[in-house]
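Student: So the protein lines, in turn, are chains A and B.
Numbering of the first sequence is given in the working numbering, commencing with residue 1 and proceeding in unit increments.
Numbering of the second sequence is given in the working numbering, commencing with residue 116 and proceeding in unit increments.
Any given hint might turn out to be false.
[To be verified] With the Cβ distance kept under 8 angstroms, some of the chain A side facing chain B (calculated, not the full set):
(1) Thr17
(2) Phe28
(3) Ile93
(4) Gly109
[Stated by the list, open to error] Sample of chain A residues facing chain B (criterion: CB under 7 angstroms; computed from the structure):
(5) Leu44
(6) Gly53
(7) Ser54
[What the hints assert, rightly or not] Take a look, some chain B residues computed to stay more than 10 angstroms from chain A by CB distance:
(8) Thr120
(9) Glu181
(10) Leu195
(11) Asp213
Hints were generated in silico from the structure; no laboratory data involved.
Predicted model only: the values in this text are computed from it and were never measured.
Where a beta carbon is used, it is the ideal one built from N, C-alpha and C, also for glycine.
Residues per chain, in single letters:
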Amino acid sequence: GAVVSQHPSRVICKSGTSVKIECRSLDFQATTMFWYRQFPKKSLMLMATSNEGSKATYEQGVEKDKFLINHASLTLSTLTVTSAHPEDSSFYICSAPTPRGVGYTFGSGTRLTVV
Amino acid sequence: DAKTTQPPSMDCAEGRAANLPCNHSTISGNEYVYWYRQIHSQGPQYIIHGLKNNETNEMASLIITEDRKSSTLILPHATLRDTAVYYCIVRDERGGADGLTFGKGTHLIIQP
Numbered sequence: 001g002a003v004v005s006q007h008p009s010r011v012i013c014k015s016g017t018s019v020k021i022e023c024r025s026l027d028f029q030a031t032t033m034f035w036y037r038q039f040p041k042k043s044l045m046l047m048a049t050s051n052e053g054s055k056a057t058y059e060q061g062v063e064k065d066k067f068l069i070n071h072a073s074l075t076l077s078t079l080t081v082t083s084a085h086p087e088d089s090s091f092y093i094c095s096a097p098t099p100r101g102v103g104y105t106f107g108s109g110t111r112l113t114v115v
Numbered sequence: 116d117a118k119t120t121q122p123p124s125m126d127c128a129e130g131r132a133a134n135l136p137c138n139h140s141t142i143s144g145n146e147y148v149y150w151y152r153q154i155h156s157q158g159p160q161y162i163i164h165g166l167k168n169n170e171t172n173e174m175a176s177l178i179i180t181e182d183r184k185s186s187t188l189i190l191p192h193a194t195l196r197d198t199a200v201y202y203c204i205v206r207d208e209r210g211g212a213d214g215l216t217f218g219k220g221t222h223l224i225i226q227p
């Protein structure tokens, strides 16, 4: 149980275009989801907290107008990277607290390459 | 959340027990010790957590010292698929209201 599905697993896009990444909780409801970014050989960095029915909260240094987060339902959060540039190329990972309240479950990640 | 210190890398022979240390000398009384791992190009996976008692599940054992300033994650019979970065994270229980702060972790390499 407590599976988080993330899609797509890999995407290549051109500079200046936008990319949407979806994160779904498959067998539980998640009022809160988290989005992380991971550059090569680096650790995960929390980008933002997605809150169902309200605005996302962003970590310091993360541009909210560039990384649009929508949490329209209790099972779906989306991250849209707008006007992507090569420096946005990274591994994006979502997660949600497990329904048992023990730890977090993570999606499988999305490898974004901007060319 | 308290800061943790882990060795950057470790090797372990396949079939042997892998013991991964973590120092968390500034841990406070209401903070738990969590372990996650991340296999290359995948999302992290929860392994185990504990407060002060030793814990065991189907994946691993967690040994926490009596003063709670350090802990050891034990994979009893390591396999090649256990090669991953292992993260020790200390945090209090706030019902999942906050995201996790990941350190650099330990890159465990299981040798055939």
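Student: A separate judgement is required for each hint: does it hold in the structure or not?
Tutor: Cross-check of the supplied hints:
1. Thr17: violated (23 angstroms)
2. Phe28: violated (12 angstroms)
3. Ile93: Status holds, d = 5 angstroms.
4. Gly109: Given a least distance of 5 angstroms, the restraint on A:Gly109 holds.
5. Leu44: holds (4 angstroms)
6. Gly53: The hint is violated - A:Gly53 has no Cβ within 7 angstroms of chain B, the shortest such distance being about 15 angstroms.
7. Ser54: Hint violated; A:Ser54 Cβ to chain B Cβ min 13 angstroms, cut 7 angstroms.
8. Thr120: The claim stands: B:Thr120 keeps its Cβ more than 10 angstroms from every Cβ of chain A (closest is about 14 angstroms).
9. Glu181: Non-interface label stands for B:Glu181: nearest chain A Cβ at 23 angstroms, farther than 10 angstroms.
10. Leu195: B:Leu195 is indeed farther than 10 angstroms from all Cβ atoms of chain A, at 20 angstroms.
11. Asp213: Nearest chain A Cβ is 8 angstroms from B:Asp213, so the label is violated.
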